[in-house]
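Turn these sequences into a full structure, and let the hints guide you.
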Amino acid sequence: MAESCTGSELIAVLLSREVREGELSACGALSMIPAAGLLLAQATHAPKAELLMLGTPLMPFATSRQFHFLAMRGDLGLFFVSGVQIDRRGNYNLHMLGEDQDKPRVRFPGGYGGGMIYYAARRTVVFRTEHSRRALVEQVDFISAAGRTPPEVLRHGGPTKVITPMATLGFDAKAGVLGLESAHPPHTPGEVQERTGFHLGDLSGVPATPAPTEAELKALRGPVRLRMIEEGIYAEWARANLGGETAA
Amino acid sequence: MGVPYLPVVGLAGSDLAGRREDMRMAPDPFGGGFETIVVQALRPDVALFHGLRADRAGNVHFGYPSDNTLIAEASRRVIVTVEEVVDALSGEDRAGGFLPGILVDAVVPARHGAHPAACPGAYPVDDAHMIQYAESAASDEAFADYLRRTVFETADHQEYLDRFVPEGWGQAGQLPLREAGD
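Read top to bottom, the protein sequences are chains Z and B. To convert, count from 1 in the first sequence and add 21; that's this note's numbering. To convert, count from 1 in the second sequence and add 496; that's this note's numbering.
Hints are computed from structural coordinates only; laboratory data are not their basis. Built from N, CA and C at the ideal position, the CB exists for glycine as well. Just to be clear, a hint being listed does not mean it is correct.
Said to hold, decoys possible - Derived DEER-like restraints, expressed as beta-carbon distance ranges:
1) B/590 <-> Z/127: 32 to 38 Å
2) Z/231 <-> B/645: 27 to 33 Å
3) Z/229 <-> B/637: 40 to 46 Å
4) Z/133 <-> B/575: 22 to 28 Å
5) B/621 <-> Z/151: 25 to 31 Å
6) B/664 <-> Z/159: 53 to 59 Å
Encoded structure:
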C-alpha cells in the first residue's frame with residue numbers, strides 16, 4: 022500500500038523522475054515544487070545531475086542573461102515550467118486570460134524566459150497544480166510559447182509532458198497533440214477526461230501512474246527538505262510543505 | 497549592445513511574436529537552412545539607473561551583478577543616480593556590476609535614490625511602501641493620488657527623503673544581496 026502524500030509532494034516526485042543522470046536540469050524563479058523535484062532526483066536516481074535554479078543559491082551565473090544563452094546554444098537538457106493555461110497542441114499561456122487579447126481580463130507575468138526556453142531546452146515538462154477545464158483548454162487565450170513549430174524553425178526541443186495532481190499527459194511531437202499517458206490513483210482515466218477541456222485520445226489501456234515509493238517520499242521529506250532549509254532554497258516552503266506531521 | 501537586431505532561439509509561433517512589429521522570422525543568412533525569430537534592437541533615448549557608488553570619471557559600481565550594462569550600451573544617454581560619489585573607484589569596485597564612465601553621461605548623488613526599491617549593499621526593498629504602491633496601482637484614481645503625494649507635491653529629493661524614507665533606513669550597513677540581477 023502506497024503511503025499517502027500531498028499534491029505538491031506527488032508532483033515533486035513525478036517531476037524528479039524526469040531528471041536524467043548527468044544531464045543539466047533547471048527551473049525558473051519562484052519554482053518551489055520543481056526545485057524539490059530536482060533535488061529529489063539528485064538524492065535518488067541521478068546523483069550526478071547538474072542542477073540550476075534561478076533565484077536560489079543553485080544559480081551559478083551572476084545574471085539570467087548567461088542562463089538564457091546557455092539554453093539557446095542547446096546545453097539545457099530539461100526545464101520545468103508552469104502556465105496558467107495549457108492546450109491540446111502543447112501551447113502554453115503565461116500572459117493573459119480573456120477573449121480579446123487587447124483587453125485582457127487578467128494579466129500574468131508573461132513569458133520572458135519561458136518563451137525562449139520552451140524551444141531551447143531539449144525537454145520541457147509543464148506542471149500545473151490545478152487539473153481543471155479552465156487550466157487544460159482546447160485553445161489557450163494567448164500563446165506564450167508554441168508546442169510545435171514548422172521543421173525549418175531552429176529549435177532544440179519542446180514540451181514532452183504535462184504533470185498535474187491527477188494525471189501525466191504525454192506530448193506526441195509527431196502529431197503535435199497531448200494525450201493521456203497515465204492517471205494518478207485514485208483518479209481514473211475517465212475522471213481525468215471529465216476534468217480536462219480537450220479530448221485526451223483513446224483511454225483504453227491507459228495505465229495508473231506508479232505511486233511515489235517509500236524511498237522517494239523518505240528522501241523528499243528527509244534529506245531534500247533538510248537541504249532546502251539549510252541551503253536557503255525556499256526554506257520556508259520546504260518547512261511547511263514537505264513532510265510536516267507525516268515526517269518521520 | 498547597439499547592434500541593429502539579434503536572433504532568438506524561441507518565440508516562433510507565439511502570439512507575442514505575432515503581435516509585435518519588432519519580432520520577425522528570418523532565414524539564417526549563413527546558409528544553415530533554418531529560420532529564427534530576429535528581434536529589432538531597442539534604442540532608448542535615455543537609460544536611468546541607480547548604483548551604490550560612482551567616481552568623478554563617471555565609473556559606476558552598482559553593488560550587485562546586473563545586466564544594466566547591456567541597457568547602457570543600447571541607450572543614447574545614460575544617467576546614473578548613486579548613494580555616494582568618491583574620487584576614484586577602487587579595484588574591488590570595478591569587479592562585478594561595473595559600468596565604465598565612457599558609457600555614462602551624468603552621475604547624480606542621490607542618497608536612498610532607489611527607494612522604495614532596494615539598493616543591494618545599502619538597503620532592502622521597503623515592503624510597507626511597496627504594498628501601498630501595489631494597492632494604489634489597482635485603480636487609476638488611487639494611482640493618481642499616489643503620484644500626487646510622492647512626486648507632484650514633493651518639492652525635491654530632500655523632501656521625499658524626509659517624508660517617505662523610514663528613519664535610519666539602511667544604516668544597518670551591508671545587507672544581504674536580494675533579487676540579484678533581475
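Here is what the structure says about each hint:
no. : hint                        : in the structure
1   : B/590 <-> Z/127: 32 to 38 Å : 45 Å, violated
2   : Z/231 <-> B/645: 27 to 33 Å : 59 Å, violated
3   : Z/229 <-> B/637: 40 to 46 Å : 54 Å, violated
4   : Z/133 <-> B/575: 22 to 28 Å : 25 Å, holds
5   : B/621 <-> Z/151: 25 to 31 Å : 30 Å, holds
6   : B/664 <-> Z/159: 53 to 59 Å : 57 Å, holds
Of the numbered hints given earlier, the model fails hints 1, 2 and 3; all others are met.
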